[in-house]
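Protein chains: 2
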Amino acid sequence: MTSPYDDFATGAANFVPLSPLSFLPRTASIYPDDEAIIHGKRRYSWSQVFARCRRLSTGLKQIGIGYGDTVSILAPNIPEMVEAHFGVPASGAVLNAINTRLDPETIAYILSHGECKVLIVDLEFAPTASAAIALMTPDEAKKITIIDIIDSEYDGKNTSIGTMDYEGLLAKGNEDDPWQLPDNEWNALTLNYTSGTTNRPKGVVYHHRGSYLMSMGTVSDWMHAQKPRYLALVPLFHCNGWGHSWTVTLMGGVIVCTRAITAKAIFDAIADHGITHLGGAPIVLSMIINAEDSHRREIARGIKVMTAGAPPPPSVIREMESLGFDVLHVYGLTETYGHVTLNVWHDKWDHDETVNRDLMLARQGVAMAMLEEQDVVDSQTMIPVPADGETIGEIVFRGNTVMKGYFKNPEATSEAFAGGYFHSGDLAVKHPDGYVQIKDRLKDIIISGGENISSVEVEATLHKHASVALAAVVAMPDEKWGEVPCAFIELKDGASATEEELINFCREHMASFKRPKKVVFTDIPKTATGKMQKFELRRMINDGEIR
Amino acid sequence: MTSPYDDFATGAANFVPLSPLSFLPRTASIYPDDEAIIHGKRRYSWSQVFARCRRLSTGLKQIGIGYGDTVSILAPNIPEMVEAHFGVPASGAVLNAINTRLDPETIAYILSHGECKVLIVDLEFAPTASAAIALMTPDEAKKITIIDIIDSEYDGKNTSIGTMDYEGLLAKGNEDDPWQLPDNEWNALTLNYTSGTTNRPKGVVYHHRGSYLMSMGTVSDWMHAQKPRYLALVPLFHCNGWGHSWTVTLMGGVIVCTRAITAKAIFDAIADHGITHLGGAPIVLSMIINAEDSHRREIARGIKVMTAGAPPPPSVIREMESLGFDVLHVYGLTETYGHVTLNVWHDKWDHDETVNRDLMLARQGVAMAMLEEQDVVDSQTMIPVPADGETIGEIVFRGNTVMKGYFKNPEATSEAFAGGYFHSGDLAVKHPDGYVQIKDRLKDIIISGGENISSVEVEATLHKHASVALAAVVAMPDEKWGEVPCAFIELKDGASATEEELINFCREHMASFKRPKKVVFTDIPKTATGKMQKFELRRMINDGEIR
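Protein chains in written order, with my numbering: chain A, 1 to 547; chain B, 548 to 1094.
Note that these hints are calculated values from the structure, not bench results.
Which stretches of chain A does chain B cover? Using the computed rule of at least three CB atoms under 8 angstroms from a CB of chain B, they are:
(1) 362 to 376
(2) 398 to 412
Derived pair list, reagent style BS3-like, types lysine-lysine, alpha-carbon separation capped at 25 angstroms:
(3) Lys851/B - Lys227/A
(4) Lys517/A - Lys534/A
(5) Lys895/B - Lys227/A
(6) Lys690/B - Lys719/B
(7) Lys1065/B - Lys1081/B
(8) Lys526/A - Lys264/A
(9) Lys517/A - Lys531/A
(10) Lys304/A - Lys774/B
(11) Lys774/B - Lys348/A
(12) Lys588/B - Lys348/A
(13) Lys41/A - Lys895/B
(14) Lys534/A - Lys518/A
Model, not experiment: these values are computed from the prediction.
Using N, Cα and C, we set each Cβ at its ideal position, and we do this for glycine too.
With the sequences and hints as input, model every part of the structure.
Spelled out as structure tokens, the structure:
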């Protein structure tokens, strides 16, 4: 098929590769003197951030970094971490932000597998970085140039481990060099390793096109504001902080950094800096809800909160809303650049007594604007499940905010993309209105006497109990039933409950066969991003620590 | 340069062509029962609009339309016009929305040059369409299938001219057929003929990628609202209504249609339908400002207004703001899908007495998010002019919302893209803060005694006079000076002024040599989109009608 409409080639005037790197020069040109990043006593304007990012980019080139090299960073959400999200890819390199809570062995694996050439390390994590490097072969280790970040807001005693510090690297750069976009929007932008539960972490590769569209879709679905004031709680090493620092740059806003994430720090930042938007895992929202009175501050109503990372218990959303926050529940994975579905709330539900508000709040919802399609299918046949709210299938995705693939792992990549969709590994139902609701991770479903029990559902029931602060439910082997639910519980400060009381509570509030057969009161292990580490709970069961 | 990051191919899971056609199925799935289009007594929900667009798409296929065919439409902003923006390209065809105020001869030229296969005509324009067809050769004419739109809100007496009506075409279609996106985001989406001043109109070809990004950028820079209620005043035949009906669909909003654009209709629509956003040329804003008291209604404050099409006089913006509207002044051309720059207002200017507010309001500003670059250059050397607010150069653009090119006109295309930028033909200065301000069209500058006189500046001065409703200034030949400014004036209702009074007013308010030497009181001819037809004024001068 041809037509006269085909007689046009793309050219410099009408085709530009999509990249979030475009956002920075534009915002620096429109708002040069406006606040861009706030961190403790440090302040940067957009022209300063742009100049520093150009220095970072050209400084990296000066030390031999270029197209397709990997630059890793181990840092909290500080200005240098934001700058790395622009300056590193502008050099042609790929940014690999590493989860700071990982153990040295895993970090060593990531540095090695990711072919790291430069490792930028905040002093707080210098010992971890040193330990990781020590685990590598000398040949591998000597390929890595270490750069220290010496943050004035860091109050620990660790000392430098690098060959130069970050400001020294910037001094090598030139802020007058032109800002370079990628030649191709499909070029790699960042490398994000999955948290890894039982297996080795996999390296998820993002491209420029995807992160550009992620930002645009995040604006159209959530960040409806010019010059938002954003509190950076979502770690930038987690899906690049859901892409939010690129998005805030697009919107000419302010990024407020945090080293420590505590209820006091959050309330202070919101009150002192007029925060309008923030993101956080449900555990961070619980931190806000359960803050000590002395840490609470008077804050504005209507602050927009995006939450994801784990299905938020409806009670958490309701309590946040009663504090005046406006919560949007989204869902996604590292492989989808973060959030790709959102739980659109319909105003008419507010006035309809037949609507089960908790059920509505618990759903992961519908595709965001930048995702082409979400569906729930039989993983093998790819046939969609009926939209009956009951039949469980796997959530699959298709769209421009799906990763390029797993770094140096073509088998895992083709498995993940089987049938032309990305397979999330999450089990869900599709409701008659098309909204998707996660029932469990493929590996987290509990099969008891032939019945599927959703650990998420049992957890949601436990969260309704007044004494429960956090609940994690996993399968426990059982001679009679095959598997039964075992609940791990953190109680609220000063609250109390017994095992029997919680089991009876579950029996009263859900199908009896789904109730936990065992309740353990303990601190639940979590990842840096607030996800409960269920593999650790399973290990405790399998090692016989729980009986 | 290669790296392991290059080892990824795009696939169905992670690459989807960008297209505004994506917006419709998503919004229809999230908001199936919500209002989508309002037109007089007619109401359509999003599921209805989607069903009708699928019927239009498949109905067109039934009558032989497919990839690369041209489907033209001659209609006001009615539901069928909105549907055509989705249903026509979904069939693989290219939508050619024709300016309804054009003369039959020009329309015949467009139908012929555009290779029209189907012409969809609202009854109001049936006589014009018939006259146009009659001017074509019988061979050309017989290739065109005519479809009538019989709008219940049309109260004229014209009768059908087509082989079937629009609803009959929909009846041939199938709303269960899958919705098809283009294979390639670079495929042609629409064909928009420039208004054409002295030359034949040129056919500007838009692609799917461009219109998708236009919508996303319009959201991030302006439409900060889920479910906006949009009043469709900008004719959809003008840059596809600045892309707004795609953008409103993306945001799940409501499109309120209008057959006639009058102050009464605008106030009624705003008040009755809770309008939150609208676009309009400055002349439409003047209509609102100068409305009769009996046509005014009480309306909400903070309604967002996007204005473009001609530089809005600062007084118009100020008067709109005093009525409670929130006006954004943007600029662009048919070749850039409409608006690509915006005049970002800085709050600090509100409190700074040294700021010349009128100057600030008059500027076209900075690049919008979807445009990569705007600059002002010497047209020949492509060297940027200094950012001094004085040196005049040509505005040039580079970005993804620049047309594919001119249809069947490679010479004009390559001329427009000379040097890797699109040449706007508009003359401007660049201020020290990077904001661009148009001084004139290349052909509208008046060269008097070797000095450049900006007709825009003279017009802005005349607009400050209390009696002036509209001013148009063009060059008039002069033996001594070469050219001198000649002003055409429409007075406000009931107001009066003399030629001498206006010339003296200009002498007092601007450099004396720029004052008009001649003032003519008359109705100024305008295009359908409210642009003053200066070529007509020049013709009057050249033909000796003005002395």
